[in-house]
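**Q** Each chain, letter by letter, is given below.
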Amino acid sequence: DTAVSQTPKYLVTQMGNDKSIKCEQNLGHDTMYWYKQDSKKFLKIMFSYNNKELIINETVPNRFSPKSPDKAHLNLHINSLELGDSAVYFCASSPKGQGAVNTEAFFGQGTRLTVV
Amino acid sequence: AQSVSQHNHHVILSEAASLELGCNYSYGGTVNLFWYVQYPGQHLQLLLKYFSGDPLVKGIKGFEAEFIKSKFSFNLRKPSVQWSDTAEYFCAVNPLPGYQKVTFGTGTKLQVIP
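Protein sequence lines correspond, in order, to chains F and Z. For the first sequence, my numbering gives the first residue as 1, with consecutive numbering after it. For the second sequence, my numbering gives the first residue as 1, with consecutive numbering after it.
No lab work stands behind these hints: they were computed from the structure. Glycine included, every Cβ here is placed at the ideal spot set by N, Cα and C. One thing to keep in mind: the hints can contain errors.
Simulated coverage check for chain F against chain Z, where a stretch passes if three residues somewhere in it have a Cβ under 8 Å from a Cβ of chain Z [unchecked claim]:
| # | region |
| --- | --- |
| 1 | 70 to 80 |
| 2 | 108 to 115 |
Where chain F lies over chain Z, by a calculated footprint (3+ residues, C-beta under 8 Å) [what the hints assert, rightly or not]:
| # | region |
| --- | --- |
| 3 | 43 to 52 |
| 4 | 102 to 113 |
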């Protein structure tokens, strides 16, 4: 029944590894996002996809690559993990895409990534 | 680019005290405004939102917020806090028109003492 679900909830990995975080929404929304929340709780958007098309790509290292196989899924793959990548990553979705007005985002539970 | 400022980083209140958390944004155009709450170890949940109309909006759990356009502010209020309100509170702004690119404030940690 979870509207926006992310897996895994916790991820501990060594520097240099490659890892993926999966996100799925069953709300029928057009737009999905990845946000990063750092240790100071600061939330920053990383990517936004609308109907599988990349719309927003903030200044994120190209080690981060989002993949949207369909509009219900937006996965985040991270290559060559670094210590600074440790954070909580939140997936979100919203009902409308281009020209969206008067919409809100629904967030997943978050994935706590710890790079050691 | 727009920015969102939350001036109170950490607020400590006793139960039954009144709460007001400040939020100011910098964007000259039309915006959607939100307050989200994050309970310890949990995801973000929407408390309330402003899209248009009455600038005083009511949300869940007795929270309300007032949009003052001339001050670019969207302050969150609650007349009487409870211990269960202990959480992190985030103000967020979505500038219009265009894709939803919500910018979050840095958050305010609220600690309610029984």
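**Q** Could you run down the list of hints and mark each one as holding or not?
**A** Hint check results:
Under the rule that three or more residues need a Cβ within less than 8 Å of chain Z, the assignment of the region 70 to 80 of chain F is violated, with 0 such residues. For the region 108 to 115 of chain F, the assignment as covered by chain Z holds, since 3 residues bring a beta-carbon within under 8 Å of that chain's beta-carbons and 3 suffice. Check result for the region 43 to 52 of chain Z against chain F: holds, 7 residues qualifying (beta carbon to beta carbon below 8 Å, three or more required). Requiring three or more residues with a Cβ within less than 8 Å of a Cβ of chain F, the coverage given for the region 102 to 113 of chain Z holds, as 6 such residues are present.
Checked against the numbered hints listed earlier, the structure breaks hint 1 alone; every other hint is satisfied.
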